[in-house]
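K.L.:
Sequence:
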Amino acid sequence: MSETLPLFPLSTVLFPGMRLPLNIFEDRYRRMIADLKEGPEPRQFGVVAIRRGRETGTENIEGLNSLHEVGCVAAIRNLDERADGGFEVQAVGTERFRLLDLDRSLPYFRGEIERLPDDSGVPETADELETPPVEPAVQRVQAGFREYLNALADRGGGVVAVAELPDEPLLLSYVIAAAMIIDLPDRQALLAAPDAIARLKAERSLLARETAMLRVTTSRPAPDFKFEQFSEN
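Going by our numbering, the first residue of the sequence shown is number 6, and it counts up by one from there.
Because the hints were derived from the structure by calculation, they are not lab data. Be aware that a few hints might be false.
If you anchor each label on the Cβ, the simulated ranges turn out as follows [said to hold, decoys possible]:
| # | residue 1 | residue 2 | range |
| --- | --- | --- | --- |
| 1 | Arg214 | Asp172 | 22 to 30 Å |
| 2 | Arg145 | Pro112 | 42 to 50 Å |
| 3 | Leu15 | Ser210 | 38 to 46 Å |
| 4 | Lys42 | Arg109 | 21 to 29 Å |
| 5 | Leu105 | Ala80 | 14 to 22 Å |
| 6 | Pro199 | Glu8 | 19 to 27 Å |
| 7 | Glu74 | Lys42 | 25 to 33 Å |
| 8 | Ala80 | Ala213 | 30 to 38 Å |
| 9 | Glu74 | Phe30 | 23 to 31 Å |
| 10 | Glu117 | Asn83 | 21 to 29 Å |
| 11 | Pro112 | Glu8 | 18 to 26 Å |
Just so we're clear, the structure is a prediction, and the values are computed from it rather than from any experiment. C-beta: ideal position from N, C-alpha, C; glycine also.
Kindly produce the complete structure, drawing on both the sequences and the hints.
P.N.:
Structure representation (structure tokens):
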């Protein structure tokens with residue numbers, strides 16, 4: 006089943022569970038947020054990464070091919086209107102979608118979307134008496150991520166403190182995807198992965214690649230990790 010959602014094209018990838026603070030000042034997005042404010046709950050819009058073009062001005066995005074196919078639904082959790090007519094928005098990613106078509110009839114984009122299921126990737130026929138096939142993937146990615154953080158800390162000359170990593174494969178796959186310092190195409194590929202197991206396998210390879218690069222280079226700065234940005238809501 007398809008539906009229509011307002012779209013917010015960005016030069017980044019939003020993952021389910023990741024918080025998205027927005028400072029809304031452009032007229033077209035003021036209109037979008039105002040329309041959502043006047044509409045029923047839940048107040049939702051779609052975040053989709055830009056493939057070609059810029060965030061400023063709808064004319065900079067030529068059409069559907071300028072945007073990535075898979076995006077993330079963002080649900081507004083808090084909305085404050087400023088005196089200048091702009092908005093401070095706190096939203097959180099909730100679920101993935103596939104972008105089917107683009108509507109330019111309003112000042113802001115709207116998209117025809119199809120919501121995508123979030124599967125674990127564990128076969129339904131797996132023997133419950135055997136070791137669940139997801140456990141090794143989870144453990145390997147947890148170990149790989151800790152090694153990656155150690156490499157970041159070594160390069161930055163400091164310590165990176167991390168809250169306990171989740172064991173639930175889907176949540177872990179999104180936490181790792183959002184936390185790694187990787188280019189947009191790699192982030193987009195993780196968002197578009199068919200299930201949690203496929204995403205974890207891809208993340209294991211990316212973590213190994215990035216850790217190896219950190220161990221042999223000295224030019225990359227250590228980031229400021231803030232794991233409180235993730236929400237299971």
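K.L.:
Each of the hints needs a verdict: does it hold here or not?
P.N.:
Taking the hints in turn, this is what the structure says about them:
1. Look at Arg214 against Asp172: about 24 Å separates their beta carbons, and that is inside 22 to 30 Å.
2. The hinted range of 42 to 50 Å is satisfied by Arg145 and Pro112, whose Cβ atoms lie roughly 47 Å apart.
3. Taken as a hint, the range 38 to 46 Å is violated for the pair Leu15 and Ser210, whose Cβ atoms sit roughly 26 Å apart.
4. The supplied range of 21 to 29 Å is met by Lys42 and Arg109, whose beta-carbon atoms lie about 22 Å from each other.
5. For the pair Leu105 and Ala80, the supplied restraint of 14 to 22 Å holds, since their beta-carbon distance comes to about 20 Å.
6. Separated by about 21 Å at the C-beta atoms, Pro199 and Glu8 satisfy the suggested range of 19 to 27 Å.
7. For Glu74 and Lys42, the hinted distance range of 25 to 33 Å is satisfied, since their beta carbons lie about 29 Å from each other.
8. Judged by the Cβ atoms, the range 30 to 38 Å given for Ala80 and Ala213 holds: they are separated by roughly 34 Å.
9. Distance hint check: the CB atoms of Glu74 and Phe30 are about 28 Å apart, consistent with the given range 23 to 31 Å.
10. Look at Glu117 against Asn83: about 28 Å separates their beta carbons, and that is inside 21 to 29 Å.
11. Restraint check, Pro112 to Glu8: a C-beta distance of roughly 20 Å satisfies the suggested window 18 to 26 Å.
Checked against the numbered hints above, the structure violates only hint 3.
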